[in-house]
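Engineer: Read off the chains here:
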Amino acid sequence: MHEVSVALGLIEAIRNVAGEQNIERVAAVNVRIGALSGIVREALLFSWDVATAGTLAAGSELRVEEIPLIVFCEYCEGERDPRPGSGLICPECGTPAPRIVRGREMQLVSLEVPA
Amino acid sequence: MKLRVVEVAANLMLKNDALAAKLRARFAADGTLVVNLLSSPGSGKTALLEETLGRLSRTYRVAGLVGDQATANDAERLARSGAPVRQISTASECRLDAGMIAKALSGWELPRLDALFIENVGNLICPAEYDLGEDLRVVLLSVTEGEDKPLKYPLAFNTAQLALVTKIDIAEAVGFDRAAAAASIEAVHPGMDVLELSTRSGRGIDAWLALLERRIAAKALIPAG
Chain A
7 MHEVSVALGL IEAIRNVAGE QNIERVAAVN VRIGALSGIV REALLFSWDV
57 ATAGTLAAGS ELRVEEIPLI VFCEYCEGER DPRPGSGLIC PECGTPAPRI
107 VRGREMQLVS LEVPA
Chain B
4 MKLRVVEVAA NLMLKNDALA AKLRARFAAD GTLVVNLLSS PGSGKTALLE
54 ETLGRLSRTY RVAGLVGDQA TANDAERLAR SGAPVRQIST ASECRLDAGM
104 IAKALSGWEL PRLDALFIEN VGNLICPAEY DLGEDLRVVL LSVTEGEDKP
154 LKYPLAFNTA QLALVTKIDI AEAVGFDRAA AAASIEAVHP GMDVLELSTR
204 SGRGIDAWLA LLERRIAAKA LIPAG
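For the protein sequence lines, the chains are A and B, in the order given.
Per our numbering, the very first residue in the first sequence carries number 7; after that it's consecutive.
Per our numbering, the very first residue in the second sequence carries number 4; after that it's consecutive.
If you're looking for bench data, these hints aren't it; they were derived computationally from the structure.
For every residue, glycine included, the Cβ atom is placed at its ideal position computed from N, Cα and C.
Treat each hint with caution, since some may be false.
[What the hints assert, rightly or not] Sample of chain B residues at the chain A side, in silico, Cβ under 10 Å:
1. Leu6
2. Val9
3. Glu10
4. Ala13
5. Leu15
6. Asp100
7. Asn126
8. Ala131
9. Asp151
10. Pro153
11. Pro157
12. Ala190
13. Lys222
[Said to hold, decoys possible] DEER-style ranges, computed between Cβ atoms:
14. A:Cys82 <-> B:Asp20: 29 to 39 Å
15. A:Ala34 <-> B:Ala73: 49 to 59 Å
16. B:Gly102 <-> A:Glu26: 16 to 26 Å
17. A:Glu48 <-> B:Ala75: 32 to 42 Å
18. B:Asp20 <-> A:Asp87: 37 to 47 Å
With the hints as constraints, model all of the structure from the sequences given.
Structural biologist: Structure representation (structure tokens):
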């Protein structure tokens, strides 16, 4: 729901890296988005062209890796993936597993730039 | 065109988290309790804050910050409580962030506060991601909403310390299933503190205010650095 501001945050992070490493143009951007981050992949992709227009990332390809929700079940002593819509319940033993291991990511992973 | 890969691994929330840490340090030095209220639109955040600010301002120095995408209606309602209230117009943004709080506080002539209440934008998804430097995150669930809301929005209920079940005076009329709501809260936040209340009938309000007063007292005791 806040995809445009996420896109602008990405551009700011890209600018910071570009400034440090003298990068003038970015061809592709790899990001990681968790299932609980509230970001809709399609909406982020949709906003990308407009958000990057006139920046060093204009025309770049945005690649979104979606990270599923993973919790830690204290009872099973292992990482589990809850069934969608079941909350944070361990799918194996049915006990609540409120410790979120993955699924909150909002990460700029890497850039691809002209060599 | 030959390309090379530049590894970055930057967490996009770091900027907000750093700003939130600054706010938290400032509120700790001032001994100000900060409460962040989250809920869907129409769950009763404004009504509850009207009551809360009105009652607490008799004894404490309290203020409110209200996030709203389009209107100043909520801030105007809250200002009637007599407490200082400031509106944050978030425009297209669906949540408040720490930068917006810092900006709203700067240049606002306020006494040292005992408590600051932040009414987030009505939305259970995005606000859950943004730390505002608060001590207490409270999520509201009204009895007219589905009892499975915690399952649909696990992060809001997982990251909040307290859940308020609001509009409890009409629970029976709307067929609210108390056990089902409790079970879905338990599924995302085992042992979560839950209070039932109604600003209309007054039920549960004293317990809510007593909880806040305890938290205000505890925060005030922390000696300023």
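Engineer: For each hint, tell me whether it holds in the structure or not.
Structural biologist: Hints, one by one, checked against the model:
1. Leu6: holds, 5 Å
2. Val9: Hint on Val9 (chain B): holds, closest Cβ of chain A at ~4 Å, below 10 Å.
3. Glu10: holds, 5 Å
4. Ala13: Ala13 (chain B) check passes; min Cβ-Cβ to chain A is 4 Å, inside 10 Å.
5. Leu15: holds, 4 Å
6. Asp100: holds, 8 Å
7. Asn126: holds, 7 Å
8. Ala131: holds, 7 Å
9. Asp151: holds, 8 Å
10. Pro153: Holds, because the Cβ-Cβ distance from Pro153 (chain B) to chain A comes to roughly 6 Å (cut-off 10 Å).
11. Pro157: Result: holds, 5 Å to nearest chain A Cβ.
12. Ala190: Holds. Min distance 4 Å.
13. Lys222: violated, 25 Å
14. A:Cys82 <-> B:Asp20: 29 to 39 Å: holds, 31 Å
15. A:Ala34 <-> B:Ala73: 49 to 59 Å: violated, 37 Å
16. B:Gly102 <-> A:Glu26: 16 to 26 Å: holds, 23 Å
17. A:Glu48 <-> B:Ala75: 32 to 42 Å: holds, 33 Å
18. B:Asp20 <-> A:Asp87: 37 to 47 Å: At 26 Å between Cβs, range violated.
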